[in-house]
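Student: Chains as they are written, first to last, in this note's numbering: chain A, 22 to 418; chain B, 22 to 418; chain C, 22 to 418; chain D, 22 to 418.
These aren't lab readings, by the way, just hints derived from the structure by calculation. None of these values were measured; they are calculated from a predicted model. Among these hints, one or two may not hold up.
[As the list claims (entries may be wrong)] Just some of the chain D residues that point at chain A, by a computed CB distance under 7 Å:
| id | residue |
| --- | --- |
| 1 | Gly-81 |
| 2 | Glu-84 |
| 3 | Lys-302 |
| 4 | Met-323 |
| 5 | Thr-409 |
| 6 | Thr-411 |
| 7 | Trp-412 |
| 8 | Pro-416 |
Backbone N, C-alpha and C define an ideal beta-carbon position, used for all residues, glycine too.
Number of protein chains: 4
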Amino acid sequence: MTDPSSSLRVAMIGHAFMGNAHSQAWRTAPHFFALPAHPEMAVVVGRDAGRAAEAAARLGWAESSTDWREVIARDDIDVVDICTPGDTHAEIAIAALEAGKHVLCEKPLANTVAEAEAMTAAADQARSRGVRAMVGFTYRRVPAIGLARQLVAEGRVGDIRHVRAQYLQDWIADPEAPLSWRLDKERAGSGALGDIGAHVIDLTQFITGSRITELTGRLETFVKERPYAESHSAGSLGGLSGTASTERGPVTVDDAASFLATFAGGAMGVFEATRFATGRKNAIRIEVNGSLGSLAFDFEDMNVLEYFDARDDAEVAGFRRIIATESVHPYVAAWWPPGHGLGYEHGFTHQVVDLVTAIADGTDPSPSFADGLQVQQVLAAVETSSDTRTWQEIPPS
Amino acid sequence: MTDPSSSLRVAMIGHAFMGNAHSQAWRTAPHFFALPAHPEMAVVVGRDAGRAAEAAARLGWAESSTDWREVIARDDIDVVDICTPGDTHAEIAIAALEAGKHVLCEKPLANTVAEAEAMTAAADQARSRGVRAMVGFTYRRVPAIGLARQLVAEGRVGDIRHVRAQYLQDWIADPEAPLSWRLDKERAGSGALGDIGAHVIDLTQFITGSRITELTGRLETFVKERPYAESHSAGSLGGLSGTASTERGPVTVDDAASFLATFAGGAMGVFEATRFATGRKNAIRIEVNGSLGSLAFDFEDMNVLEYFDARDDAEVAGFRRIIATESVHPYVAAWWPPGHGLGYEHGFTHQVVDLVTAIADGTDPSPSFADGLQVQQVLAAVETSSDTRTWQEIPPS
Amino acid sequence: MTDPSSSLRVAMIGHAFMGNAHSQAWRTAPHFFALPAHPEMAVVVGRDAGRAAEAAARLGWAESSTDWREVIARDDIDVVDICTPGDTHAEIAIAALEAGKHVLCEKPLANTVAEAEAMTAAADQARSRGVRAMVGFTYRRVPAIGLARQLVAEGRVGDIRHVRAQYLQDWIADPEAPLSWRLDKERAGSGALGDIGAHVIDLTQFITGSRITELTGRLETFVKERPYAESHSAGSLGGLSGTASTERGPVTVDDAASFLATFAGGAMGVFEATRFATGRKNAIRIEVNGSLGSLAFDFEDMNVLEYFDARDDAEVAGFRRIIATESVHPYVAAWWPPGHGLGYEHGFTHQVVDLVTAIADGTDPSPSFADGLQVQQVLAAVETSSDTRTWQEIPPS
Amino acid sequence: MTDPSSSLRVAMIGHAFMGNAHSQAWRTAPHFFALPAHPEMAVVVGRDAGRAAEAAARLGWAESSTDWREVIARDDIDVVDICTPGDTHAEIAIAALEAGKHVLCEKPLANTVAEAEAMTAAADQARSRGVRAMVGFTYRRVPAIGLARQLVAEGRVGDIRHVRAQYLQDWIADPEAPLSWRLDKERAGSGALGDIGAHVIDLTQFITGSRITELTGRLETFVKERPYAESHSAGSLGGLSGTASTERGPVTVDDAASFLATFAGGAMGVFEATRFATGRKNAIRIEVNGSLGSLAFDFEDMNVLEYFDARDDAEVAGFRRIIATESVHPYVAAWWPPGHGLGYEHGFTHQVVDLVTAIADGTDPSPSFADGLQVQQVLAAVETSSDTRTWQEIPPS
């Protein structure tokens, strides 16, 4: 048993959008959840000393640093939380694991399958030494999503026939929206596919408890060139805003992705991810149709899960708008009374809770790096399928 | 037993908006429902011979007339369907009943309680001679409303605590919308209160099976004067459209009404009727909260009833969006497959079905003139309450 | 110019579900719309004399017949309305067109591309003789759909990037739901794909004004065998209900279809059609995302079109819930005041209006047989793609 | 100008539900907003030393105390944040103001008008010494509510005709739900009226910028006796949960309230507050109808404001579902990208931001104690009206 008074000293690498969200989670979790260990926000790492120091002050980290290697080498760091762009994940995560640090790595796990495989191998080795690794698919920890998973696990949906999932945003629908690192294949790995498609791949597999086995898909870049942002750096909000310059550069990632998939259990999947769905801001929409019931979720109304029970009397059957804010719903008991909604950042807090609990309990947190690798394999299969215009199989994990 | 091949010869008085809707119902009912008697559309009556003849041709009536008294006196007329403004209801209905004709009278039953009482007395006398009278609260016959009533009757809602009802329109929110007979107290009796408030009074009492016993209310006329319409007559669409003239006349009815009420069973009622709810076109909204469940309806999504079952597991409890288009729902089996919605006019068709069935079966159709009188008493109580700023009791029926 | 008092004598072949809907349209259109010619419901044709006679009486046709060839040969028939299963469309339609009759043919146009080509050739020849042919994609004539098409045509949506369309039903989600002709490839041609997928193929092309040029797709039959219905015939409601027998037969059509598509303008399409979406009754869902705006429609709330205008101030931008019941919306002026919803059958009435108008005006009604052929080509491409697991091109029309 | 590095040392009195929410706000505000002064969470006060110490540790306060008078007397306390039941507000707030402490007081301001008047007088005197007082109507600071207020202020709604507001909960719909201090008039002052009705009174006045001038209302207690909770104290979650004992006690507050109101500008108001709306968890619903537009809000979908603009083309007019998560919306720029929803607690964080800013700027925070007094006068008028069954005027402030 872990001593409840024990501390976990955390280093966070990167302090942009994700670093901000992770910081709020590290700060908040201990105040709402009885954690088996106390996370200490020890150090934040950034490329620029001044900006890192500013981030430390603003986000609540005791120290700042510009050298992640040095930080990872410190004896007084227990957990490394990686919030940098995808091209740096593998190097940092593997080094951290080898240094015996527990790792939380933002999604997608890496920019390539090869990197993800190396990371997973490192996580497997680290596990044997009691070191834990987790990939940050935080949307799993939205209560309504947790409830969806639970209802499937309880058999309330029956045999799953259909999974349809869309992740719709519109922040570059305007062809004059500026370039950012998120539109650069070197940094971001992929575009809508990896940035947001990865989430619905993970979520549908999580909810259904079933893996994608094959797919045929397609990527599209609608706007091939864009103006450079006046200033853009990895530490910025990632092109979510910014003024445009007159010079233009190429968009090297996909603007949108779509694919048909088969799940292990035989369900048909239809997926879509785009940053061009005008008017949709963060619409993560998932529907599951089974022989006994159906589920529907849309992050734009994130505290709600819709559920149809085919066994209800025909007279009163209908999709139920479950406001997933009851104390019986996942994570909710720690928060507010029914109907007092949670927000985007709460999923990150729940992630901290689950990670800290797993570390303290000596169990493997979920989703694992292997889960992240499998998502990466799906992403790669979509790319290959788009290039070759063929169906692709996903290797069994 | 009525001979199924027997005919009911119908005369319709008035051929404006309501006459149009009633005609569609008389034409359509025999094609979807197995009626115990066959309605024949014998004659339509209007004030102007040319327009009445045109209406007969357009709406499918065999003949036209300008003299309702003459029509009522005819031996070959069995049913009189009254679609004229409220100030004429009493005279026509009483004469028709005395002449031994079954009567369907549009709502509100009359413009005053005294008229409604006289009509109800006439209906009572006629009943003893096998003559039937019905008032046209057609919204009762929207399937989702019928289902609401059924769920209450089945005990699924438990003890009713709250009834909230709104009938929201916006067709005179513009102060320059022209005068019409519907804004003239002489013709229309009242404004939003009687025209649309009457519907939600009837519907809430129908759904709950409980009468309003007391109330305190308030009427308001926001716009006291309006331009005359270029041409306006009782036979027109009643000011729902039309061009305005430069001359102005007084609005003598209420633009909006609101009242608090008590139902016989102790439920608290809150009512509102207005033609000034910008953006709401025909929003008949009714909610019922009981100890075991709740119901919610909005005519702007008229094929849907929302239902909350408090006995559902907390994990999956939520308002169910019941699409009331299943064959088990009231009236629906005669129509289309599930999910193929019905429209506004279907309630009128169902009204014909129920009236013809009652006449053929020798039973009293519902809602009766007594029901119409009771609604009139509620309307009158709102007016008195508004004038005197006091609570008013409704006499028990 | 056609004489407004002229008649069009109509023969309807088939009197099941579609015959019922078409009959209501033929009966109703003249009462709400000023038609340039008067449709007479002359004769209904069915395989069984007794049932056809019953249908004539119930549906309002003057006569009945069991011999469509004889009916088509009659001089006093002007229009042939084909409501039979798809395997009979080609023979009847071609014969009718050759006999100089205007033809309205239910969708899908045929069960094979070859049949559809022959029908289109016949329609082309007939056109030169002033004979008109139309295929019955009635959902185009739902006002909210007509409005969607109009908003695209007005440029309000801009360059279209995404089209996602689903037609979701659940009437055979239960593996014990009985076989019907709709599950028999010989009669129905295909399953969900042709029965309902055809509608969303047509609707998305209609709304966007752009054709599908290539696709990759997949068909699935989840339940391979089902009990025979106790009795089933082409004249029944098509397996939408019925009791099951103990004997079982094979399901020879698809239960569900999904495909990715490209539109001529470069938009990405994602399509799905299924009868296994538990809880979805008739959910025709279409979303279009363009550079200037987006549209969303769901037939389960059929009077509503959602519209996002990207040019709105950011402060007040949001999807607008347009209740498409204003007099400015397509077809609506003929009906009821705003907010008084229309139903499923109104699309059929509008179809009659447009067909009669085109015949009287001597213009080609839309959608044409060529449009129906093109949809058939898309359906065939999905089948081939599913068989070969390759992308398929649609020949330009 | 306040030194940005200056500190505001805060003492919080009470650590139950509201104390928990306030603590999260004090902890969080400095990390997302550039505050002109730094709040230090100095001390939390509770009646029980052990529980207060536990609360301090859990909620992040440096110290705990059981003596609020002693705390208020301390020189090193700048702000007193009052989160206790209403019967204690006056004594603590007045003492704190007299001691020169800025005060944030939870709503309702007091349990009686007399207390609220005394508090307002104390606030007025304190203001002259530069001491600030604010009442905690936090829902004003939900971004969608702030946006509603802004749209009215910008004239987008025009002359307001109707205000309808409901605050619906269901946590005591079960007659066996136990007693808590919230059902005890001594402690809570009133029931649904003061606890939740107060919020919609404040919100509608805030959004419309107009005061309620008269009303007629009614209170009801449906369940007169309830079982005592096994244990209940002011520090508990206030009866929102708990096991029931066999002994029963009287419910001395209202279960539900409803009233009709007039706003200064002539708008008709209809209000309802209840804890018996089965299935409604925290439904704060507000609609405003004006001559140029309408607004609708429901806290159960708290990131959304619906807005109808009557000046839109009829073709595309409809209620807009504004997801109030754009950077142009109130408070949002500090948080996440569009579509990443905020939760219940964010309003409290915004309250801290506004209070700290006002203190630092030397301006009066809003809502003031005078605003709280006015709400208290409305609450008192509802009670008097319910007792006397008469309309009541609200004194002008």
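Student: Against each hint, give a clear statement of whether it holds in the structure.
Tutor: Evaluation of the provided hints:
1. Given hint, Gly-81 (chain D) at the interface with chain A, holds; its Cβ is 6 Å from that chain's nearest Cβ, closer than 7 Å.
2. The interface hint given for Glu-84 (chain D) is broken, as the beta carbon of that residue sits about 17 Å from the closest beta carbon of chain A, more than 7 Å.
3. Evaluation of the Lys-302 (chain D) hint against chain A yields a held restraint, the C-beta minimum of about 3 Å falling below 7 Å.
4. With its C-beta approaching chain A no nearer than about 5 Å, Met-323 (chain D) sits inside the 7 Å limit, and its interface hint holds.
5. Below 7 Å, beta-carbon pairs count as interface contacts, and Thr-409 (chain D) has none with chain A, the closest being about 34 Å; its hint is therefore violated.
6. For Thr-411 (chain D), the interface hint is violated, the least distance from its beta-carbon to any beta-carbon of chain A being 34 Å, above 7 Å.
7. A distance limit of 7 Å between C-beta atoms decides the matter here; for Trp-412 (chain D) the minimum to chain A is near 33 Å, and the interface restraint is violated.
8. For the restraint placing Pro-416 (chain D) at the interface with chain A, the shortest Cβ-Cβ distance is roughly 34 Å, beyond the 7 Å limit, so the hint is violated.
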